[in-house]
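Got chain F sorted already, so can you dock chain X onto it with the hints?
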Amino acid sequence: MSEETTMMDRRTLLKMMGAAGASATVLSACGSPSSGTGQQLSSTTGLTGAEFGQSVDLATSGPGGNKNWQPGDALKFLPAERIPTSGPAADRLASLPGERLLGFYRTMQASRVWESTMKDLFLAGDDGLYGAFHAYIGEEAIAAGVMGALRDDDYIASTHRGHGHLIAKGGDLNRMSAEIFFKANGYNKGYGGSMHITDMSKGILGMNGIVGASYYMAAGAGLRAKVRGTDQVAVAFFGDGASASPYYFSAVRSAVNENIPVIFVLENNLQYMGVPVARHSPTKFVADYTKGLQIPHHIVDGNDVTAVFDAASAAVDRARAGQGPTVIEGITYRWYDHAGFSGARIGEDGAMRIPYRTDEEVLGWISRDPITRYRTWLLDKGLVTEADIDAVVARVRDEVDASVEFARNGSEPDAEAGVSHTFAESDAVRTQFYNRKGIAT
Amino acid sequence: MAEQALRIRKSYGYAQLEAVAWEMRNDPDMVYYYEYQVPISALPTGEILDLANEFGPDRTSGSGWPIDEQWIVGAAIGAATAGSKAIARLPSMAQIYAVEYVFNQAGKIRAMTGGQANMPFVLWIDGSSRGRGSAGQHTDVGAEAIYANLPGLKVVCPSNSYDAKGLLHTAIRDPDPVVYMDYPEVRSGQQPDVPDDPYEITLGQAAIRQEGTDLTIVAWAPATVDVRRALPEIANAGISAEFIDPRSLKPLDVETLARSVEKTGRLLVVDHGHYTNGFGSHVIAEVAQAVPGARYAKIAFPDVPGPGSGTMMEWLRPDAPKIVDAAKQLVRAQSA
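For the protein sequence lines, the chains are F and X, in the order given. Taking this note's numbering, the leading residue of the first sequence gets 1, the next gets one more, and so forth. Taking this note's numbering, the leading residue of the second sequence gets 1, the next gets one more, and so forth.
Excised from the complex, chain X in its bound form:
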């Protein structure tokens, strides 16, 4: 009972704001800017975190800034270049507006100045999902691949509330820019307990979610949700799957991934991003160089904008039935 009470105590969003609030309380120069995602969250016990109220208009965007993503990102990067820890939080469909400044400034200033400038900047993306009904611009997943390709940026993709809080602490404290991909699909379902105190999750440290010997499955948020759904049926098919969530994509924990594939001989990557040049391709490239002779496969959302129709969207998603099928065929192909 006590454990149950603990589990429902803290929402995903509260856990995240708890990290931001702690960092802002301990660093009076830190700023947090956003569009309409007013940072307010409450515990069932009635305790309220209200960052706009607590830290005021200059350190936050108050009740919301105009719909001007270039401004939100630009202002945060400016503050970070001058020395403040800074977060810019953007909605998924608008994140591309931020890319110019992130591309040309955030990732390059340290190197261009010969190491003079710090860039304690976090780009927090409220990700989209492969959901039905939105179509195209509001269905994109997988922009982590775009950011990971840019020099000077680190990229994290939490898939549960514990990682979400720990990675946020780490990202804020990191002297380099970190892109924090916050996908909605991982917010629901059963979540681990989240400590009240601050803690870090080291970047470049993957989590082995399930151990196995026949096949390694790699997925990060939000594909972890589909992999979790697929695991019982994969086990029923007599396949012992090892499931690894990299959590941090750049730096990537190639060592943990390679060790697993050395053991299983097979790697299946599940990517909700688009297929061509999706981050899953990089995962395979890295592991294949470390473990020659293993068998590799990737399933990913096709290279199409997400359609509005649920019928089409469901078919396009690399969801649990398709993961189970891929796992079976990959194991069968090698034994044949």
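Isolated chain F (complex conformation):
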């Protein structure tokens, strides 16, 4: 990272990464399922095509298996500037009514604006916010595409980077904001905070502070659906880092073995904390790990909501039909640091000067913003009008602002509530005090 580049105007750099510069600077591109330009990379041929009614489609050498990965190499995996306007994925999404198309937009926009607003509040410091915050910004197309293929009564198990999942599954922004403020009117009444916000009434089995905790949660929920004879499906979200957990292989293997209606959705943002996926995964794609299990594996452009929706729809159809699990890997990128907002600024996108990556790669990926790409796609295809989108944007802004006020007006939890909710029916003993009731006066 040269000093010259860091000084360069962000707009100029972004422009360079866009239409004019992308094809020249980007070494290869990651295709979407419908692009048709990708070269098959699956290690087991025969796992693609009509057999699963869905192409497994890939166009890059894959980020994994490269011990020589250097900061900046994430630029090699930039998708094309625009998402395809024709092909099966485009057709599938375009066949939905305009209201639903705007719903996808609203989901991504709400996630983006809500998290960006929280980021700005953390950085401003006026609200005294504290605690871990793992921003999903940049990865919104995966949550929107997957949840768009689910029903309200389906289950999801989320991660520490799961605000976007919650919003896409119908989470209430007011109660989310209040939880970030650790207020009593938050989703978790102040017990959980960012990493644990959840709404069990919407089939969300929790965000989770433990890497790799989602596989069994979702697989178990899928078993319950089988036991009860419903056609519900369950989705486990996880990151490239979590794929290293032995739980991953264990859950996928047993889900195949027991034919469980579960979908494993890998959000490969190319980095776990400060370690690039290339250095910790020996295979081109993380999804390659389980290809020997003979189930569909869709490796898609994770910043293309049409591609994610397409893959997720195929996986959901398959699971509902009693045909078992699917693995989906979306290649995407985290705009911010692993946790918190070092290198970030109020009102600006992305965290800069993070030691394990370059500003160019961050800006390159920002230039492949899934929301902007979807907006362009919608307008190019004439599916909605600019006014329609503007109305969604304005409504989201109002909803997010209102949620911040809701949080600010909420009350602090009662300190003594700290001994509640560990068991269903009794409080824990106040063992922090000599006389168990409190400090003697």
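These are computed hints drawn from the structure, not numbers from a lab. Accuracy of the hints is not assured; some may be wrong.
Distance condition first, Cα-Cα at most 25 Å in a straight line; then the derived DSS-like pairs of lysine-lysine [unchecked claim]: (1) LYS263/X x LYS328/X; (2) LYS67/F x LYS284/F; (3) LYS437/F x LYS328/X; (4) LYS328/X x LYS298/X; (5) LYS437/F x LYS298/X; (6) LYS67/F x LYS381/F.
The following block gives chain X in isolation, referenced to the frame of chain F:
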């Protein structure tokens, strides 16, 4: 001035890596594996310890191994069983993944093989804290009680940089598995000077941090931080408190603890771990058997997952005001 300069010279983390580096330089078979805690630290003078670079990929985890704690611990225990001194370093919330292999292999192989196998293995846990904002899985303190309950394991809990380095040397050289609990709360604040040369702190040797005659307070990292905050006010209340930090929990220096309680007649244990079966219960059980007739009390974090809200968390912590209150009531109760 010179003393001040010396004090800020070496960070807690540097002191620890200094111990590891010395041992690795003197034993080419020794290995050190970790997840993302890349072992690099620098002195203000510019001197850098970079263990991954110095010892290479097979003896270290380089720039970080995958998030697979079973692998990190398993590989280290495998190397140790075959004869290498080995360290596995894990973050707090993930340590439980390691328990199976530690439980079934590290602590048992020597006995199961009739004494054939050595297990020069150190499980280094980057502990958590009772801090606000993380909630549940990232707030657990007190896992030393779990490890101490397992046969074949030794457990240490350093509470300052001097002990941290000395106990690490001792743990690495010990032919048996040692769990090294490294809690973040003890890293800040004023630290003792740390010698550059290697030194050991004998396991099972408690440190008397303050002498007194009315009351014995026992706490180990990180409760030592709260006890230190409470001591001035306890003194202001006219109570002469003796403060003992066991440093090594297993083996435990029961003799030093018992001698103190024989003198004071009262023992207050402060435990940041959960109450039920926390290590403090064992401290009281041991001392009570040695000193019948004394008065005993324990305050500990309740049996609840740590909440995210700072308001709730602060109330739940057995912190300085609660320690002062407990000290006063314990002394008052006996005199009444």
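Quick rundown of the hints versus the structure:
1. LYS263/X x LYS328/X: holds, 18 Å
2. LYS67/F x LYS284/F: Holds, because 12 Å separates the two Cα atoms, which is no more than 25 Å.
3. LYS437/F x LYS328/X: With a Cα-Cα distance of about 16 Å, the restraint between LYS437/F and LYS328/X holds, given a limit of 25 Å.
4. LYS328/X x LYS298/X: The hint holds at about 13 Å.
5. LYS437/F x LYS298/X: holds, 14 Å
6. LYS67/F x LYS381/F: violated, 42 Å
Of the numbered hints listed earlier, the single one contradicted by the structure is hint 6.
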